[in-house]
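Protein chains in written order, with my numbering: chain A, 1 to 133; chain B, 1 to 393.
Simulated from the structure, these hints should not be mistaken for lab results. Since this is a predicted model, take the numbers as computed values, not measurements. Virtual Cβ for every residue (Gly too), placed ideally from N, Cα, C. Some clues are possibly wrong.
Claimed, not checked - Facing chain B, from chain A, some residues (calculated, C-beta under 7 Å):
| id | residue |
| --- | --- |
| 1 | Val24 |
| 2 | Val40 |
| 3 | Lys46 |
| 4 | Gln62 |
| 5 | Thr63 |
| 6 | Pro104 |
| 7 | Pro105 |
| 8 | Met108 |
| 9 | Tyr125 |
Chain residues, written in single-letter form:
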Amino acid sequence: MSLLNKMEEYSQKVMDHFMNPRNVGVIENADGIGEVGNPVCGDIMKMYLKIKDNVITDVKFQTFGCGAAVATSSMATELILGKTLEEALEISNKTVAEALNGLPPIKMHCSNLAEQAIKSAIDDYKKKNESSK
Amino acid sequence: MKNIYLDHASTTAVKPEVLETMLPYFTEKYGNPSSIYSLGRENKKAIDNAREKVAKALNAQPKEIFFTSGGSESDNWAIKGFAFANEKNGKHIITTNIEHHAVLHTCKYLEKYGFEVTYVPVDNKGIVHVEDIEKAIRPDTILISVMFANNEIGTIQPIKEIGELAKAKEICFHTDAVQAIGNIPIDVNDMNIDMLSLSAHKFYGPKGVGVLYLRDGVRISPMIHGGAQERSKRASTENVAGIVGLGKAIELATTDMEKYNTKLMKLRDRAIKEILEKIPYSRLNGDEKNRLPGNVNISFEFIEGESILLMLDMKGICASSGSACTSGSLDPSHVLLAIGLPHEIAHGSLRITFGEENTDSDLDYLLETLPPIIEKLRAMSPLYESFKQNGRI
Numbered sequence: 001m002s003l004l005n006k007m008e009e010y011s012q013k014v015m016d017h018f019m020n021p022r023n024v025g026v027i028e029n030a031d032g033i034g035e036v037g038n039p040v041c042g043d044i045m046k047m048y049l050k051i052k053d054n055v056i057t058d059v060k061f062q063t064f065g066c067g068a069a070v071a072t073s074s075m076a077t078e079l080i081l082g083k084t085l086e087e088a089l090e091i092s093n094k095t096v097a098e099a100l101n102g103l104p105p106i107k108m109h110c111s112n113l114a115e116q117a118i119k120s121a122i123d124d125y126k127k128k129n130e131s132s133k
Numbered sequence: 001m002k003n004i005y006l007d008h009a010s011t012t013a014v015k016p017e018v019l020e021t022m023l024p025y026f027t028e029k030y031g032n033p034s035s036i037y038s039l040g041r042e043n044k045k046a047i048d049n050a051r052e053k054v055a056k057a058l059n060a061q062p063k064e065i066f067f068t069s070g071g072s073e074s075d076n077w078a079i080k081g082f083a084f085a086n087e088k089n090g091k092h093i094i095t096t097n098i099e100h101h102a103v104l105h106t107c108k109y110l111e112k113y114g115f116e117v118t119y120v121p122v123d124n125k126g127i128v129h130v131e132d133i134e135k136a137i138r139p140d141t142i143l144i145s146v147m148f149a150n151n152e153i154g155t156i157q158p159i160k161e162i163g164e165l166a167k168a169k170e171i172c173f174h175t176d177a178v179q180a181i182g183n184i185p186i187d188v189n190d191m192n193i194d195m196l197s198l199s200a201h202k203f204y205g206p207k208g209v210g211v212l213y214l215r216d217g218v219r220i221s222p223m224i225h226g227g228a229q230e231r232s233k234r235a236s237t238e239n240v241a242g243i244v245g246l247g248k249a250i251e252l253a254t255t256d257m258e259k260y261n262t263k264l265m266k267l268r269d270r271a272i273k274e275i276l277e278k279i280p281y282s283r284l285n286g287d288e289k290n291r292l293p294g295n296v297n298i299s300f301e302f303i304e305g306e307s308i309l310l311m312l313d314m315k316g317i318c319a320s321s322g323s324a325c326t327s328g329s330l331d332p333s334h335v336l337l338a339i340g341l342p343h344e345i346a347h348g349s350l351r352i353t354f355g356e357e358n359t360d361s362d363l364d365y366l367l368e369t370l371p372p373i374i375e376k377l378r379a380m381s382p383l384y385e386s387f388k389q390n391g392r393i
């Protein structure tokens with residue numbers, strides 16, 4: 001499966017995750033929160049994690065952005081749920097794009113944002129844990 | 001599934017009576033208009049007949065009408081052709097910061113050849129002030145180019161006043177009237193317009209054919225060199241079927257204009273009123289009054305335009321947006337930024353443009369479909385969440 005969708009259109013999987021996004025919402029008292037992007041560029045992803053024994057036990061997201069931004073956020077949450085932090089950190093923008101059966105070339109930056117959101121949320125968790133030790 | 005087309009500023013369907021006039025020119029009337037036998041001569045006549053129709057619609061002379069491949073070619077030709085033919089008189093051009101890219105990118109290109117361009121800003125309704133144009137005039141100004149009506153926010157510019165100013169200062173005046181034809185009566189003499197661009201597919205004619213009106217006596221260089229077509233100013237064997245279709249389409253558009261406009265304005269005004277009432281944190285972009293009869297452009301805070309379009313598309317509604325994701329760049333529409341919208345609000349814009357086949361029931365369907373879409377996207381938006389918690393972003 002090519003990483004880039006040759007048709008420059010969204011795959012059915014992207015449309016499915018856009019129209020029916022998984023894990024939308026907020027986790028109160030989240031263990032880690034990551035927010036990446038900015039309104040000027042038209043893309044913001046916010047990811048909330050619940051972590052127990054080094055495993056991601058719950059994840060929710062909120063996204064301001066285009067179809068690809070919503071779909072990559074939704075897919076990213078599915079990919080990391082139940083994973084250890086090490087496994088989650090291995091998820092790259094390519095993993096997310098492949099899981100969605102590819103993205104149009106000009107939308108690849110949205111998958112970068114998903115990767116960064118995961119890393120930023122885990123980073124936040126690690127910082128909070130260090131300071132509470 | 002329903003298919004409701006609300007994107008007429010983008011393009012329109014060819015009217016059946018227009019198509020009918022075009023069809024014979026693909027098959028039995030295939031002659032080259034430059035040929036001397038009757039199969040060719042008849043087509044030359046058909047082109048001249050279309051030329052007369054365009055001239056009549058603009059109150060111009062037929063010899064001032066030149067057929068092109070569309071609005072972008074007409075804009076390119078007018079601006080580059082005039083600049084290169086008249087550079088000995090000066091190398092300064094005045095335009096606005098809300099022009100179509102066919103004008104803006106042409107001006108940018110000329111800057112590489114030593115021309116200087118002043119991009120006069122518009123006010124927060126999207127209207128350029130004649131005084132600001134006047135202030136920008138220099139001794140070496142050779143050309144003023146201001147669009148008749150804006151394609152995104154529908155604002156109608158004070159073309160007659162700009163024409164008067166240009167005439168008094170003896171500066172050539174070009175207007176991109178691609179969105180205005182069929183919506184606003186145009187008289188090139190009364191309005192002192194020297195060059196005007198138009199495109200058939202915006203008024204129920206075919207794609208790939210347009211016009212440059214060029215006032216008798218205005219000198220421009222050809223852009224397409226070759227044969228003697230269009231009085232040696234624009235080479236290439238004529239798009240006969242397209243030209244015939246354009247002629248028929250402009251005739252219909254100018255005959256039915258008043259009735260058409262009344263119908264569109266009703267839909268427009270109801271759409272604006274009810275969308276703003278039904279959906280909080282939304283604002284109208286552009287001027288309430290000086291506005292194309294079919295144009296609605298509204299920004300919805302906290303959400304992004306492409307998402308709105310995708311969800312509308314799933315419900316069978318075709319519309320457009322000025323968000324970065326729909327413009328193919330990282331910045332939202334230059335027009336929305338020019339009227340002072342912050343980036344995040346420009347990203348959340350929706351443009352609806354009504355046309356011929358739209359009815360009140362199409363609008364009813366839009367009005368019931370749109371609010372839940374906006375609500376669904378806002379529920380997903382971190383900006384809305386933070387607004388609800390803090391009262392601001």
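Does Met108 (chain A) meet its interface restraint, that is, does its C-beta lie within less than 7 Å of any C-beta in chain B? Since chain B brings no Cβ nearer than about 13 Å to Met108 (chain A), farther than 7 Å, the hint is violated.
A closest beta-carbon separation below 7 Å is what the hint needs, so does Lys46 (chain A) meet it against chain B? Where the cut-off is 7 Å and the nearest Cβ of chain B is about 4 Å from Lys46 (chain A), the hint holds.
Minimum beta-carbon distance criterion (7 Å), Thr63 (chain A) to chain B: Where the cut-off is 7 Å and the nearest Cβ of chain B is about 6 Å from Thr63 (chain A), the hint holds.
Can Gln62 (chain A) be said to touch chain B, with a Cβ gap under 7 Å? Holds - the Cβ of Gln62 (chain A) comes within 7 Å of chain B, reaching about 4 Å at its closest.
Are Pro105 (chain A) and chain B close enough, Cβ to Cβ, to be under 7 Å, as the hint says? violated (11 Å)
Using 7 Å as the Cβ threshold, decide whether Tyr125 (chain A) counts as touching chain B. violated (18 Å)
Does Val40 (chain A) pass the interface check with chain B, least Cβ-Cβ distance below 7 Å? holds (4 Å)
Minimum beta-carbon distance criterion (7 Å), Val24 (chain A) to chain B: holds (5 Å)
Hey, does the Pro104 (chain A) contact hint survive, CB to chain B under 7 Å? violated (10 Å)
When held up to the earlier numbered hints, the structure conflicts with 6, 7, 8, 9 and fits the remainder.
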